[in-house]
Amino acid sequence: MPVAVRFQHVSRHFGSVRAVDDVSLDIAEGEFFAMLGPSGSGKTTCLRLIAGFEQPSSGHIEIFGETAEGLPPYKRNVNTVFQDYALFPHMTVGENVAYGLMIKGVARAEREQKALAALSMVKLKGFEQRRPSQLSGGQRQRVALARALVNQPKVLLLDEPLGALDLKLREQMQEELKALQKQLGITFVFVTHDQGEALSMADRVAIFNEGKIVQAGSPADVYERPRSRFVADFVGSSNVLPPAFSTAHGGPSAWTSLRPEKIRLLATGETLPAGHHAATGKVTAVHYQGSIIRLVADVSGTRLTAALPAGSAAPPEGASVTLVWDAASPVAMEPA
Amino acid sequence: MTSAALTPAHSSGGLSDFFYRRSGLLTLALILPPLIWIGIVYIGSLFALLLQSFYSLDEFSGLIVHEFTLSTYGHLFSASNLTIILRTVVMAALVTVASAFVAFPIAYYAARYARGGWKALFYLAVMMPLWSSYLVKVYAWKLILAKEGIITWVLDKIYLGWALDALLAVPVIGGSSLSFSYIGTFLVFVYIWLPYMILPTQAALERVPKSFIEASADLGASPRQTFRTVILPLALPGLIAGSIFTFSLTLGDYIIPQIIGNSRPFIGSTVYALQGTAGDIPLAAAFTVVPIVIMGIYLVIARRMGAFDAL
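Read top to bottom, the protein sequences are chains A and B. Just so you know, we're using this note's numbering here: the first sequence kicks off at 163 and counts up by one. Just so you know, we're using this note's numbering here: the second sequence kicks off at 65 and counts up by one.
To be clear, the hints were calculated from the coordinates, so they are not data collected in a lab. Please note: incorrect hints may appear among the correct ones.
To be verified - Just a sample of chain B residues kept apart from chain A, beta carbon distances all over 12 Å, derived: (1) G108; (2) T147; (3) D220; (4) E270; (5) V272; (6) F276; (7) A281; (8) A337; (9) V364.
To be verified - Calculated pairs, SDA-like style, for lysine to any residue (alpha carbon to alpha carbon, straight line, at most 25 Å): (10) K274(B) <-> Q301(A); (11) K274(B) <-> L327(A); (12) K266(A) <-> H130(B); (13) K374(A) <-> Q170(A); (14) K274(B) <-> R176(B).
In this text, a Cβ means the ideal position worked out from N, Cα and C, and glycines have one as well.
All chains, please: the whole structure from these sequences, using the hints.
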C-alpha cells in the first residue's frame with residue numbers, strides 16, 4: 163500500500179524543548195491513524211508538521227512521495243480540522259465551506275454547489291446562510307469538517323476535533339467520522355488524548371510520550387500487548403506489577419501488565435484451574451460502575467484491581483479474596 | 065425542618081437581599097446617574113447647541129434673533145465657508161488614511177508577535193505621548209519643523225536640503241518652511257492622533273486567533289490572500305473605530321492649524337473665532353453640525369460595506 167505520510171528521524175525543537183524527538187513513522191494511504199498521548203507529548207506538533215504550520219528542526223517528511231519540509235501549508239494538499247474549529251466569524255457557513263475553493267479560483271456557481279454537497283454530507287443542509295456564531299458546538303464541528311473535505315485533501319488532519327463536545331455527541335461523531343472515512347477513503351490522521359476514542363476509531367494507533375513514539379500498532383495490539391509501563395498505564399487501566407510480584411505468582415521476572423478484566427474471583431470451594439495463577443488479598447474498595455464492578459484488593463502490599471462483570475456478587479470491604487487469572491494474561495514489558 | 069435553619073442567626077444586609085431579588089432594579093440604580101449625566105450634560109447641551117444653528121444673527125445689531133430660520137445654513141454654504149469645510153474634510157481624511165497606514169503594522173506587530181515585556185513596552189510607547197500636554201507637543205513640533213529646526217538641519221547635513229526645498233515649492237501643500245505649510249499641519253495631526261488609531265486596531269487584531277490565519281493557509285490561501293480575506297476584514301471594525309477618532313478629532317481641532325501651518329482657517333478654528341470675537345453663535349453652531357453629519361454618513365457607508373459584520 164502506498165505511503166501517505168512518512169517521517170524519517172524527524173525532530174522539532176523549541177529552544178531546549180524537544181517537542182518531537184527523532185520520530186519515524188509511515189502512515190498508509192486510506193488509513194485511519196490516531197496519534198495518542200498526554201498533553202505535551204508531541205502528537206499535536208507532529209500533526210502541525212504534516213500540515214506545514216511547523217517545520218522540522220531535522221529529519222525528512224514526505225507526503226505521497228513529495229518532500230514536505232520547506233513547503234508552506236498553502237502549497238500542501240492536506241487539510242486540517244482545528245481543535246477550536248477556526249471558522250471565520252465574518253463569513254456565513256456557506257462562505258466558510260467554499261473558502262478553499264474561492265481561493266483556488268473556482269467559479270461561484272460551482273463552488274456554491276460543492277459547498278452545498280459538502281454541507282449535506284455532514285448533515286447541515288439548509289445552514290449555508292447562518293453565521294458560525296449561530297451554531298452549536300457540534301454543528302460548528304461539522305462545518306469545520308465540511309470546509310476541510312470540500313477541498314478533497316489527500317490527507318485530513320484532525321486536531322482533537324471532538325474535545326469540546328459532550329459525551330453523547332462525541333460518541334455519535336466518532337461513529338460518523340469513522341463512516342465518513344470509510345466512504346471517502348481519505349487518509350485520516352487524528353490527534354487525541356482520549357484513549358477510548360483512539361481505540362474505537364483508528365486502524366492504527368501511535369502512542370506518544372515526551373516527543374517520541376513509544377509504541378505503534380493496531381488498537382488490539384497496543385491494548386493487549388503494551389510494550390512499556392507507560393503504554394499499559396495510558397491505554398486503558400492496568401495493573402502494572404513489579405518483577406518481584408510477578409515471580410512470586412508464577413510469572414516472568416519482569417514488569418508485567420495485567421488488565422483488570424482478566425482477573426476474576428475464585429469461588430469458595432473451587433480449585434485453581436490448570437494454567438492459572440492466583441493471589442490472595444484483602445478487599446480495600448468496591449466501586450459500582452454500572453457495566454462493571456471495580457474491586458480493589460491489597461495483595462501483601464501490592465494493589466490489584468479487578469473488573470468484575472455486572473451483577474456478580476462482590477465481597478464486602480475487608481473480606482479476604484483469592485484473585486485468579488490465566489497464566490497467559492500478564493504481559494511482560496520493558497522496565498521504562 | 066424549620067425555616068430558621070436556612071437563615072443564619074445574624075441576618076444582615078436587608079438592602080443586599082432586596083437588590084438580589086430584584087436585580088433589574090439594581091441595574092437601573094447603577095445606570096441611572098451616568099445616564100442622566102450623559103443625557104443632560106452631553107446630549108442635552110449638544111441639542112441646545114444644534115438648536116442655535118436654526119436661529120440667526122441680526123447683522124445690524126449683532127444680536128441673536130430667536131426665530132426659526134434656515135438662513136444660517138444658507139451662510140454656511142457660501143463659497144468661503146465651503147472652502148473651509150472642504151479644507152478640513154480633506155485634511156481629516158488624509159490624516160486618517162496616513163494614521164491607518166502607520167498604525168496597522170505597529171498594531172499588527174503588537175497583537176501578533178509582542179509578548180510579555182515587549183507588549184508592556186508597546187503600550188508604554190503608544191500611551192506615553194498621551195501623558196504629556198497637547199500644547200507642549202504641538203509647540204515642540206513647531207521647533208522641529210521650523211526653518212532652523214532639526215529636520216532642515218539634518219537634511220542639509222546629508223545634502224538633501226534640495227529635496228525639502230523642492231517639496232516646499234509644491235503649490236498649495238508647500239510654504240516657506242515645514243512649520244508654515246499644510247505638510248507640517250498634516251504631520252502634527254498624524255503624530256497627535258496616531259495612538260487613537262493604534263489602540264483600537266490592536267484590540268481588533270488581538271481578537272483574531274492564530275488558528276484563523278493557520279486555517280486560511282491550510283485552505284490554500286497565500287499570506288497575501290489571508291491578509292485580504294481574513295485579517296483585514298476582522299481588523300476593520302478596529303480600523304473604523306480608530307478612524308472615527310482620528311477623523312472627528314481632526315475635524316474639530318482648532319489649535320494645531322493655528323500654531324502650525326499657513327494660518328488658513330479650519331472648521332474648529334472658525335467655530336472658535338465665530339463664537340468668540342464675532343459672536344455669531346448660530347453660524348458657529350451650524351459649523352459644528354458639519355462634522356456630525358459627515359461622521360453619520362461615514363458610519364452608514366461603513367456599515368453598508370459590512371465593516372461591522374465581524375462584531
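(message) With the threshold set at 25 Å, check whether the alpha-carbon distance from K274(B) to R176(B) stays at or below it.
(response) 8 Å, holds
(message) Please check whether the beta-carbon of T147(B) is more than 12 Å away from every beta-carbon in chain A.
(response) The claim holds: T147(B) sits with its nearest Cβ about 40 Å from chain A, beyond 12 Å.
(request) Mind verifying the non-interface call on A281(B)? Its CB should be farther than 12 Å from each CB in chain A. (result) 4 Å, violated
(message) At 12 Å, judged by beta carbons, does E270(B) keep clear of chain A as stated?
(response) The assertion about E270(B) holds, with a minimum of 14 Å to chain A.
(message) Confirm or reject: A337(B) is not an interface residue toward chain A, with every Cβ-Cβ distance exceeding 12 Å.
(response) Answer for A337(B): holds, closest chain A Cβ roughly 45 Å.
(request) Say whether it holds or is violated: V364(B) keeps its Cβ farther than 12 Å from all Cβ of chain A. (result) 19 Å, holds
(message) A cut-off of 12 Å on Cβ-Cβ distance, and V272(B) was said to be off the interface with chain A. Does that hold?
(response) Not fine: 9 Å to the nearest Cβ puts V272(B) too close to chain A.
(request) Just double-check D220(B) for me: nearest Cβ-Cβ distance to chain A has to come out over 12 Å. (result) Non-interface label stands for D220(B): nearest chain A Cβ at 47 Å, farther than 12 Å.
(message) Hinted pair, alpha-carbon criterion (25 Å max): K274(B), L327(A). Please report holds or violated.
(response) 22 Å, holds
(request) Sort out whether H130(B) lies within 25 Å of K266(A), counting only the CA atoms. (result) Distance ~66 Å between K266(A) and H130(B) Cα, so the pair is violated.
(request) Could you check that no beta carbon of chain A comes within 12 Å of the beta carbon of F276(B)? (result) Nearest chain A Cβ is 5 Å from F276(B), so the label is violated.
(message) What's the verdict on K274(B) and Q301(A), does the C-alpha distance respect the 25 Å limit or exceed it?
(response) Holds: K274(B) and Q301(A) sit about 22 Å apart, inside 25 Å.
In this structure, the hints that do not hold are numbers 5, 6, 7 and 12, in rising order.
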